[in-house]
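The residues making up each chain are set out below.
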Amino acid sequence: MSSVTGVSAVDELPDGDHPVGGLTSTGRVGDRLFGGAAQGAGLLVIALVTLIGVFLVAQAVPALAKDQASFLTSRDWSPGGDAPRFGIVELLWTTVSASVIAMVIAVPVGVAVALFITQYAPAWLKRPAASLVDLLAAVPSIVYGLWGALTFRAVVKPVEDGLQTAFGWFPLFSRTGISGGTIFFIGIVLFIMVLPIVTALSREVFDHTPTTHKEGALALGATKWEMIRTTVLPFGRPGVISAAMLALGRALGETIAVTFLVSTLAPGSPWTFSLFNGGETFASRIANNAAEFDSPQKTGAYIAAGLVLFLLTFVVNAIARVVIERRKAFTE
Amino acid sequence: MSSSAETAETAGTAVRPAAAVAAGNRRPATGDGLDLGQQSAARRIKDVVAQVVMWLSFGVAIVPLVWILYTVVSKGAGLLATSGWWTKSQRNINSDDVGGGAVHAIQGTLLQAGMTALIAVPIGIFTAIYLVEYGRGRIARVTSFMVDILTGVPSIVAALFVYSVWVTVFGFGRVGFAVSLALVLLMVPVVVRSTEEMLKLVPNELREASLALGVPQWKTITSVVLPTAFSGIITGVLLGLARIMGETAPLLILGPYTKSIATNLFSGNMPTLPTMINQDRTELGIAPAVERMWATALTLILLVLLLNILGRVVSRFGSVSR
Amino acid sequence: MGKRIDVKDLNVYYGDFKAVEGVTMTVEPRTVTAFIGPSGCGKSTFLRTLNRMHEVIPGGRVEGSVRLDDQDLYAKSVDPVAVRRSVGMVFQRPNPFPTMSIFDNVVAGLRLNGVKGRKELDQAAETSLKGANLWNEVKDRLKKPGAGLSGGQQQRLCIARAIAVRPQVLLMDEPCSALDPISTLAIEDLVNELKNEFTIVIVTHNMQQAARVSDRTAFFNLAATGKPGKLVEIDDTTKIFNNPTERATEDYISGRFG
Numbered sequence: 002m003s004s005v006t007g008v009s010a011v012d013e014l015p016d017g018d019h020p021v022g023g024l025t026s027t028g029r030v031g032d033r034l035f036g037g038a039a040q041g042a043g044l045l046v047i048a049l050v051t052l053i054g055v056f057l058v059a060q061a062v063p064a065l066a067k068d069q070a071s072f073l074t075s076r077d078w079s080p081g082g083d084a085p086r087f088g089i090v091e092l093l094w095t096t097v098s099a100s101v102i103a104m105v106i107a108v109p110v111g112v113a114v115a116l117f118i119t120q121y122a123p124a125w126l127k128r129p130a131a132s133l134v135d136l137l138a139a140v141p142s143i144v145y146g147l148w149g150a151l152t153f154r155a156v157v158k159p160v161e162d163g164l165q166t167a168f169g170w171f172p173l174f175s176r177t178g179i180s181g182g183t184i185f186f187i188g189i190v191l192f193i194m195v196l197p198i199v200t201a202l203s204r205e206v207f208d209h210t211p212t213t214h215k216e217g218a219l220a221l222g223a224t225k226w227e228m229i230r231t232t233v234l235p236f237g238r239p240g241v242i243s244a245a246m247l248a249l250g251r252a253l254g255e256t257i258a259v260t261f262l263v264s265t266l267a268p269g270s271p272w273t274f275s276l277f278n279g280g281e282t283f284a285s286r287i288a289n290n291a292a293e294f295d296s297p298q299k300t301g302a303y304i305a306a307g308l309v310l311f312l313l314t315f316v317v318n319a320i321a322r323v324v325i326e327r328r329k330a331f332t333e
Numbered sequence: 034m035s036s037s038a039e040t041a042e043t044a045g046t047a048v049r050p051a052a053a054v055a056a057g058n059r060r061p062a063t064g065d066g067l068d069l070g071q072q073s074a075a076r077r078i079k080d081v082v083a084q085v086v087m088w089l090s091f092g093v094a095i096v097p098l099v100w101i102l103y104t105v106v107s108k109g110a111g112l113l114a115t116s117g118w119w120t121k122s123q124r125n126i127n128s129d130d131v132g133g134g135a136v137h138a139i140q141g142t143l144l145q146a147g148m149t150a151l152i153a154v155p156i157g158i159f160t161a162i163y164l165v166e167y168g169r170g171r172i173a174r175v176t177s178f179m180v181d182i183l184t185g186v187p188s189i190v191a192a193l194f195v196y197s198v199w200v201t202v203f204g205f206g207r208v209g210f211a212v213s214l215a216l217v218l219l220m221v222p223v224v225v226r227s228t229e230e231m232l233k234l235v236p237n238e239l240r241e242a243s244l245a246l247g248v249p250q251w252k253t254i255t256s257v258v259l260p261t262a263f264s265g266i267i268t269g270v271l272l273g274l275a276r277i278m279g280e281t282a283p284l285l286i287l288g289p290y291t292k293s294i295a296t297n298l299f300s301g302n303m304p305t306l307p308t309m310i311n312q313d314r315t316e317l318g319i320a321p322a323v324e325r326m327w328a329t330a331l332t333l334i335l336l337v338l339l340l341n342i343l344g345r346v347v348s349r350f351g352s353v354s355r
Numbered sequence: 014m015g016k017r018i019d020v021k022d023l024n025v026y027y028g029d030f031k032a033v034e035g036v037t038m039t040v041e042p043r044t045v046t047a048f049i050g051p052s053g054c055g056k057s058t059f060l061r062t063l064n065r066m067h068e069v070i071p072g073g074r075v076e077g078s079v080r081l082d083d084q085d086l087y088a089k090s091v092d093p094v095a096v097r098r099s100v101g102m103v104f105q106r107p108n109p110f111p112t113m114s115i116f117d118n119v120v121a122g123l124r125l126n127g128v129k130g131r132k133e134l135d136q137a138a139e140t141s142l143k144g145a146n147l148w149n150e151v152k153d154r155l156k157k158p159g160a161g162l163s164g165g166q167q168q169r170l171c172i173a174r175a176i177a178v179r180p181q182v183l184l185m186d187e188p189c190s191a192l193d194p195i196s197t198l199a200i201e202d203l204v205n206e207l208k209n210e211f212t213i214v215i216v217t218h219n220m221q222q223a224a225r226v227s228d229r230t231a232f233f234n235l236a237a238t239g240k241p242g243k244l245v246e247i248d249d250t251t252k253i254f255n256n257p258t259e260r261a262t263e264d265y266i267s268g269r270f271g
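Chains as they are written, first to last, in my numbering: chain A, 2 to 333; chain B, 34 to 355; chain C, 14 to 271.
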């Protein structure tokens, strides 16, 4: 398991190899109490997760019922008053596109860094290099927000201007007047934040490539890169896919860094697919309006948005786990 | 054996056309021609390019890290060097004032983290004990699955959940304890997974030896298994703490800021390092406020780094390591 | 096809640790030579210097010379990758690439070396699989994963993969120690046929196997614990097993140690 992702790409013990003992072994009071406490903790966890879903749905539904606009396709957001209108399509677009940008850059770079650490780095550099990259994960998100807004923005802006000038004809790159945080910029900052996740998990799978397969490739006269291409990468593919999903999930849910950087769009701005547009994500809109949670109806609208985010991350994380579980079933 | 002789013969005759093809194309594809010095230039180049790309990407990963750390340190160290930073709060200090310190925020962060750990650590450890030492069958599998889901829940969703229960349903206020509850949801899965891993590393022979002496299972766990895995569990807890100290979303929903020292987790606002930074989020043009933000960021990073290093040191000196 | 190997005064080091010292031997073309000796005596280590696989471990290096016919494998201009094309290796535990089909496994070496033509690859696969006595068993399931075969079949698949690139020499590092007796016999028969085309060197723990399969046998031993391994004696197999020159060889053959 890596401490950065909390996920293990490789199972240490084969299935069924459980330590000895069990709930039925003795009837002692101590065992009953202790075992009961342990089981209780497990049940508590199940209850908590279930309750999260239940409570969110319960408080979102009344607000959704009163929503005059179509929740999934409207761009309006005025959840207060007697005739609330709120829809999440803008939030969906911004959140997903920024996160996808982050993932699309983070996966190749992260895999390359993981290959570097496991296959190319000299022995003395391996541990320090891994620790350094993990350190990226230790930096609190709010610091990323601060640095992004005050330092990094100035560097990325000329790049954006250049891209808009050169490729403005392409819908994704068309000009907007936004000078604050764009989807593109947020995506780049998110990339830096999720990079250690991809690297940590990929490192783990690459490290577990059986030596005999690597030697088999080398013995056939493969160069180092060819050996990696034919043995390490295919072996590690489920782990990399899982890492990509976890990175995506993390990016989707990131709150404060995005909140620092986001450029809110004025209501009624024209719709554009440009990546240089502003806009809020689910998390940033909820966070920005936390002071408005004064009526159950308004709160309900934000909770509905939070529910969508929960479902998004749930699906993405579930994919990640399924991919890893299937690989475990095939491990020799 | 005649059949194998036949095979050898057909193999022998079939071999020559393939070898001839290869030799005829003069490609060093096989070992026939012993041109040990040559190798297809394209393959060589690809190999070298791959190596360069790997080194470069490592650089790409390191650049932002170094840049961020350098920026935070260079812009924030100044205030951290003053004694006032560590002893005063922000009481009566406005955004464009200079002065004051961060002691209120540091206290708040530590208090909330402490309360979080108080709740999350027992739950996490017992859940891990359940999964490793007791659980077989459906409930254990479902629990494990739920822990996985909990790992992926965004902090803002956890905060909304706590809000919907604590504030909307129960009518309590937005206090430090509510923040801790949300942080508990984020810390439990970290503690569970790291404790689980540590427990799995304890050799089974130890358990068997204890049980064979007639020691009941629960006592085996508490006096043999847990102590052996202890340092690893501590590491997991420290890393979990480091993670939640930087979480801001729950603070935004449940923990409004105040400039003065406040130590009551159950009533009133409580300041923390992240909310102290967030407080001036809209004042990015005011120099003293900006300097304070950098300094607070540096304080937070130092705290998190300290926990990280402590965690790794503890695991290095432990009795069971990864 | 099938070249001669000349080794002269070879010392093998890992870093500063000398693992094997002073090996001098000649392996005649298209013969089978067996390396025997107790565990840890350096026979596998020495075997790996013949295709420069010891260099994969950091710090692995040699002093002395290894020549294939007249070509020095360790000359400055020589690329280890090229050496491994000419000196193939089969490992102790069968290691077909798990993510590849049987067909892809067999032609893996050819593909790496740039052979792309479908017909060429098909031909080579059939030839190599026939040469490894595996063709009849797999010809209808070439697209199935390589890992789905039995242990003995997997090892023959690895042999097919190794010979597909037409090496001069085939090194086999205890190829049967993970297999059942019937598969072992099949592989020994195979070695007997392969020696018509390749020079074969086989490391084995099983003295009866060495006696059955090889033309010449080399006995390796440790001078003492902690000391480097040495080549004690190399001679025709019949001589080694009936009438060895060295006392240590006789002791090992008759089971007094090892």
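Bear in mind the hints are in silico, worked out from the structure with no lab data behind them. On a predicted model such as this, the values are computed, not experimentally measured, just so you know. Backbone N, C-alpha and C fix where the C-beta goes; we use that ideal spot for every residue, glycine too. Don't take each hint at face value.
Among the chain A residues that face chain B by a calculated CB cut under 10 Å, a handful are [stated by the list, open to error]:
| id | residue |
| --- | --- |
| 1 | L34 |
| 2 | A38 |
| 3 | F56 |
| 4 | V62 |
| 5 | A70 |
| 6 | S71 |
| 7 | F72 |
| 8 | L73 |
| 9 | R76 |
| 10 | G88 |
| 11 | E91 |
| 12 | S132 |
| 13 | V160 |
| 14 | S264 |
Quick rundown of the hints versus the structure:
1. L34: 7 Å, holds
2. A38: 6 Å, holds
3. F56: 5 Å, holds
4. V62: Hint violated; A/V62 Cβ to chain B Cβ min 12 Å, cut 10 Å.
5. A70: A/A70 check fails; min Cβ-Cβ to chain B is 21 Å, beyond 10 Å.
6. S71: Nearest chain B Cβ about 22 Å off; hint violated.
7. F72: 17 Å, violated
8. L73: 19 Å, violated
9. R76: Violated, because the Cβ-Cβ distance from A/R76 to chain B comes to roughly 21 Å (cut-off 10 Å).
10. G88: Not OK, violated: A/G88 not within 10 Å of chain B, min 19 Å.
11. E91: It is violated, given that the least Cβ distance between A/E91 and chain B is near 17 Å, above 10 Å.
12. S132: 8 Å, holds
13. V160: A/V160 check fails; min Cβ-Cβ to chain B is 15 Å, beyond 10 Å.
14. S264: 13 Å, violated
Checked against the numbered hints above, the structure breaks hints 4, 5, 6, 7, 8, 9, 10, 11, 13 and 14 and satisfies the rest.
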